[in-house]
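Participant: Two independent chains are provided; combine them into the complex using the hints.
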Amino acid sequence: MTARRIAVDYMSRVEGETALDLEIKDGTVTSAQLRIFEAPRLFEALLRGRSYAEAPDITARICGICPVAYQMSAVHAMEDALGTRVEGQLSALRRLLYCGEWIESHALHVVMLHAPDFLGFDDAIAMAGQHGTMVEAGLALKKAGNHVLRVLGGREIHPVNVRVGGFYRLPTPDELAPLADELREARTHAKTLLRWVAGFAFPAYERDYEFVALRHARDYPFNEGRITSSRGLNIPAHAFSDEFEERHVAHSTALHAVLKRRGSYLVGPLARYNLNFDRLPGEIQDLARAAGLGPVCRNPFQSIIVRAVELVYACDEALRLIAAYDMPPHPALPLTPRAGIGHGCTEAPRGLLYHRYALSADGSIANATIVPPTSQNQLSIEEDLRDVAQGALALEDERLRALCEQTIRNYDPCISCSCHFLKLSVRGR
Amino acid sequence: MAAHKPRLAVFKFASCDGCQLSLLDCEDEFLALAGAVEIAYFPEASSTMAKGPYDLALVEGSITTAHDAQRILKIRRQSKRLITIGACATAGGIQALRNFADAQEMLASVYASPHYISTLAKSTPIALHVPVDFELPGCPVNKAELLEVLSAFLIGRKPVIGAHSVCMDCKARGTPCVLVQGTPCLGPVTHAGCGAICPAYRRGCYGCFGPMEQPNTASLATVWAKTGATKRDIHRAFRGITAAAPAFAKEGDAHDG
Numbered sequence: 001m002t003a004r005r006i007a008v009d010y011m012s013r014v015e016g017e018t019a020l021d022l023e024i025k026d027g028t029v030t031s032a033q034l035r036i037f038e039a040p041r042l043f044e045a046l047l048r049g050r051s052y053a054e055a056p057d058i059t060a061r062i063c064g065i066c067p068v069a070y071q072m073s074a075v076h077a078m079e080d081a082l083g084t085r086v087e088g089q090l091s092a093l094r095r096l097l098y099c100g101e102w103i104e105s106h107a108l109h110v111v112m113l114h115a116p117d118f119l120g121f122d123d124a125i126a127m128a129g130q131h132g133t134m135v136e137a138g139l140a141l142k143k144a145g146n147h148v149l150r151v152l153g154g155r156e157i158h159p160v161n162v163r164v165g166g167f168y169r170l171p172t173p174d175e176l177a178p179l180a181d182e183l184r185e186a187r188t189h190a191k192t193l194l195r196w197v198a199g200f201a202f203p204a205y206e207r208d209y210e211f212v213a214l215r216h217a218r219d220y221p222f223n224e225g226r227i228t229s230s231r232g233l234n235i236p237a238h239a240f241s242d243e244f245e246e247r248h249v250a251h252s253t254a255l256h257a258v259l260k261r262r263g264s265y266l267v268g269p270l271a272r273y274n275l276n277f278d279r280l281p282g283e284i285q286d287l288a289r290a291a292g293l294g295p296v297c298r299n300p301f302q303s304i305i306v307r308a309v310e311l312v313y314a315c316d317e318a319l320r321l322i323a324a325y326d327m328p329p330h331p332a333l334p335l336t337p338r339a340g341i342g343h344g345c346t347e348a349p350r351g352l353l354y355h356r357y358a359l360s361a362d363g364s365i366a367n368a369t370i371v372p373p374t375s376q377n378q379l380s381i382e383e384d385l386r387d388v389a390q391g392a393l394a395l396e397d398e399r400l401r402a403l404c405e406q407t408i409r410n411y412d413p414c415i416s417c418s419c420h421f422l423k424l425s426v427r428g429r
Numbered sequence: 001m002a003a004h005k006p007r008l009a010v011f012k013f014a015s016c017d018g019c020q021l022s023l024l025d026c027e028d029e030f031l032a033l034a035g036a037v038e039i040a041y042f043p044e045a046s047s048t049m050a051k052g053p054y055d056l057a058l059v060e061g062s063i064t065t066a067h068d069a070q071r072i073l074k075i076r077r078q079s080k081r082l083i084t085i086g087a088c089a090t091a092g093g094i095q096a097l098r099n100f101a102d103a104q105e106m107l108a109s110v111y112a113s114p115h116y117i118s119t120l121a122k123s124t125p126i127a128l129h130v131p132v133d134f135e136l137p138g139c140p141v142n143k144a145e146l147l148e149v150l151s152a153f154l155i156g157r158k159p160v161i162g163a164h165s166v167c168m169d170c171k172a173r174g175t176p177c178v179l180v181q182g183t184p185c186l187g188p189v190t191h192a193g194c195g196a197i198c199p200a201y202r203r204g205c206y207g208c209f210g211p212m213e214q215p216n217t218a219s220l221a222t223v224w225a226k227t228g229a230t231k232r233d234i235h236r237a238f239r240g241i242t243a244a245a246p247a248f249a250k251e252g253d254a255h256d257g
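In the order they appear, the protein sequences are chains A and B.
Per the numbering used here, the first sequence runs over residues 1 to 429.
Per the numbering used here, the second sequence runs over residues 1 to 257.
Any given hint might turn out to be false.
Not close to chain A: a few residues of chain B, all C-beta gaps over 12 Å, as computed [to be verified]:
{"id": "1", "residue": "GLY52"}
{"id": "2", "residue": "ASP55"}
{"id": "3", "residue": "LEU73"}
{"id": "4", "residue": "ARG76"}
{"id": "5", "residue": "PRO131"}
{"id": "6", "residue": "SER151"}
{"id": "7", "residue": "LYS171"}
{"id": "8", "residue": "CYS177"}
{"id": "9", "residue": "ASN216"}
{"id": "10", "residue": "ALA218"}
{"id": "11", "residue": "VAL223"}
{"id": "12", "residue": "ALA247"}
Have a look at the derived ranges for each label pair, beta carbon to beta carbon [said to hold, decoys possible]:
{"id": "13", "chain 1": "A", "residue 1": "ASP397", "chain 2": "B", "residue 2": "ALA172", "range": "52 to 60 Å"}
{"id": "14", "chain 1": "A", "residue 1": "GLY132", "chain 2": "B", "residue 2": "SER151", "range": "20 to 28 Å"}
{"id": "15", "chain 1": "A", "residue 1": "ASP397", "chain 2": "B", "residue 2": "LEU128", "range": "14 to 22 Å"}
{"id": "16", "chain 1": "A", "residue 1": "ASP26", "chain 2": "B", "residue 2": "LYS74", "range": "34 to 42 Å"}
I should point out that these hints are in silico values taken from the structure, not numbers from a laboratory.
Note that the coordinates shown come from a computational prediction; the quantities given were computed from them, not determined experimentally.
Glycine included, every Cβ here is placed at the ideal spot set by N, Cα and C.
The following block holds chain B by itself, in its conformation from the complex (with noise of 0.2 Å):
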């Protein structure tokens, strides 16, 4: 029976390292789940790292440099299901901020050497290098939801994961509209799964888990303006965590200069 337990991987590229920390942040649940599957690949945790093939990979970070382009392809091949966790790998992260910047002038301004590096201009997700099973966004992911879809993908089922947006989840809370009360709020634009947290704690939502499905991101705007806001802070707002997805990068676009 041991010898079949479904063999997990954790990747990373370019990233912070919380979204597969939020694993390891399961203080519950994470010695129940190294028994329930063979952590063959997980090097943040583990000194064990077993060759593939994987039954499960989950890639943590977005892609930057060439070589990472490479190496994305070649966990692929080893992987029957590849899942990515989180807005770096899901929308490219806060590094696609590059994508609308000249990324030359960017390496400039912060290292000496500059010809020494070796990174590509834009910040993409891993959905534009290979096939995913599932994408799971959040800045960080939601751990409750990062267990769902591991749970589900070991019994073969699809994950439940709502995609709705946040202002679901705050109605659903009971936590009164910053919006209406003036507070610049992404909320009716972006995905669900933080449960609603940014409201609750009177501030607006940055919405760092991306855009949900759908959004109208154009009416917002609108609103926002009416309440006072300039066009460079709509600007900034699509400017952020998933400033590459294209509903929030195109809504930037339009408040640009």
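Bound-form chain A, shown alone (with noise of 0.2 Å):
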């Protein structure tokens, strides 16, 4: 019997602490593991008796890459709960704000990330010296997304704006026209960026994943939609614990999410991509299909390019948001607390983000369950990296790491976000 390991003790390049393990023997992978050994912090415990309106600014601590996502899933389960809706100008000014993440994280994971992985880079300082051109496009093209941020939420991480029933001060016209000029740009680097990565090498991989992504009577999702999947399912985000749930995995540092009927699935951009191409404005279907992309894309290595695409709509949705803008009268809505269940769930950058609160009679959090993308991803992530290895076993160890490092870097995991509910694993062997 030969048995072989490859293992990266400390991945790079992916926000929080992992590690990778795979097992050869006789020819097979037999194991393939994400082990995961970032400190649990315990988020859904120390959110009891914390008042509603405090959610938004703990849930944001829950991740540094992703803080409006969660604010974002919190004030929709909140207001579920409370029995009110944001609509209108507030609402839109909420996907402005996401927009502003969906450009900051995507343009960070796009060139800093993931490229130098296609290109055989380090890192983007590394690449930046044959590709200069497209990390400074990254760079220029994150710092709009951050801008969108700064101005409308108050600063980039973390941003103190964000309220339970709207915010708490409202963006004058004139503090969100600069915006659009830096976006104006943002787009045709945006746009580059996207011809760029077409023109990677990828790995002939595909897979007949279960997409799960959310969708939308008119628009690609942002914060609205039904729970959707490649297989037919449609739910409202209340019946999320029907169809999902969370398995304690023996071999496993954490909870994995699955569908309680089928298994593994995808969250992410690829899946809103493949359920969502029709939401598409035409130009952005077009510039898709000229990068390569059919209306479904099953490789998980040009996650890229639909993060590129993702990244001019973004842009675009931003522009067509703050040209539209007509200050509403009042930045909340009143609330009044009460006893309740309520349900939120909205797209982050790396797929859906759900949160479920339970008050009291006086706005207390009596319990909460947070289920975030990369814990939804991790039975997917560990599947690919199954496949991808069996079939480039002739490889010698540092290339098939290396590709093993890229197949994990496709989901954009983000440890961080995951950790809360992770039982802390021994390292080494």
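Facilitator: The following block contains the structure:
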């Protein structure tokens, strides 16, 4: 019997702390594990007893990369529990804020974290030597996204302006106008990046995933829509726990979210795109086609192209929202605390993010459940690893390890997000 | 010359990654910074993960596991200078709310099999474990302050970081005081650095930069009570992002129950 082990003790260019372990016996991959050793932070427990109004500020701290996603799922769940609904321009401003986060997060991942895999560099700094224009375009895009977050949210990371019921202060049209100039430039950069990543060499790998994403009657999904899948799932947010569950898997350090009836599934840009291609404006669809994508993409390595498509879309959408902005009379809806249960599902840059809160009569949180995208994708990541590695066993260790890391980065995993569910694993062997 | 560039390392403990992301959020300065130092260890940004010793270590996150309590000792031994960045590293972070509760009970409420989990009862700042050369507060840190601290250490001078309250920055910014309008605000006792953004967005400061030097928290609590804040409101306010910072922990205790 021949045994081979491919290990990455500390994954780089992902958010948070994780390791990879691949066991190969007699030419068969027998085990592929993403071991997460990020320290648990117990968010769901520390939310108990806090006011409903504190949830956006507290849950933002789960993730420094996608705090707006946590704020958005939190406010929607709280408004659901309190029996109200934010609409019109307040809802449009939330969508604008989310555009800022998608731009910032996708630009970071496409250029600084993922592209170096395709071009054989350790990082974007080394890559800048040969691809300086692209690194600069990525940084300019990221800056534009961050600028939206700063103007609308007060700061880039952990914005302070998001409130259950709306905002604390509304931006004036004059404050939003300068963003438009920067976003128009950002849009050009995004198209440049899209053409660039479309030319990368992609491993010929496809898998028949069950894609899960929000779907809205009219729009490409950010804050609203029903939870749908490529195998016919179509449920409102409050039915999440009927269809999905989190399993404590013995080998792993994480709770894995699974579809009760079918097992693993995939959330994130690929799922959003595949389930909502018809919700993209014609011009964006044409750009996607020109970049070599069809209406459905099952190659996870091409998620970098989909992120670039979403970058162009998010710039466009932000521009559209700014142009249509009509300052509402009040920054937030009036709210009355009451006992109730609320659910919220929004599309974080990395995919579906579910929050559920039970409130007491005084508006205190009785209990909280948060299911981040990365714990939903973890099973798919491990299945990809097993498949991809099995098809590439002829590679020497170093190349195989690099391919495995790239396979994980396809998901832009955010370990900091998922870690509040995780037990600490003992590393090293 | 290139061989003598200072070696920079960025380490993560229990945290959200936001403070180290602030470094990547320096879009205009990042490539220049990368040219001025050797980024020897920064896993979030690079697959180059060089061994120590390092000239400067930036540490994000708090200590919450026995393993991490050992890891920070090793990092300190490898690092000529060590700077902690953010509320987690300097005060224990939001996860230090466990310090005031029954941590085992909290674990049982989150995990199906709590006996698998290895975590300490308290989340503690780095400075409780090793000597720290400079502490930069904030949740997240202000990126301009982060660049100032980096530049200062690279040149060998003392960083110029104000230790005054958020209140002073509101005055400088010309923001009308929200506290006198009846909005509970922690600005008078909170360390400056954020740019006094919350009052500028018409809400009270919620203390994410932690206590300023010698804050008069008791006096502020009295003002809050006069504007109608309940004991529970005051308790919650001090049990926030930097709950375990001694001044805030003490004031929170005073309004418990």
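Participant: So which hints don't hold here, by number, going up?
Facilitator: Number 15 - this is the single hint that the structure violates.
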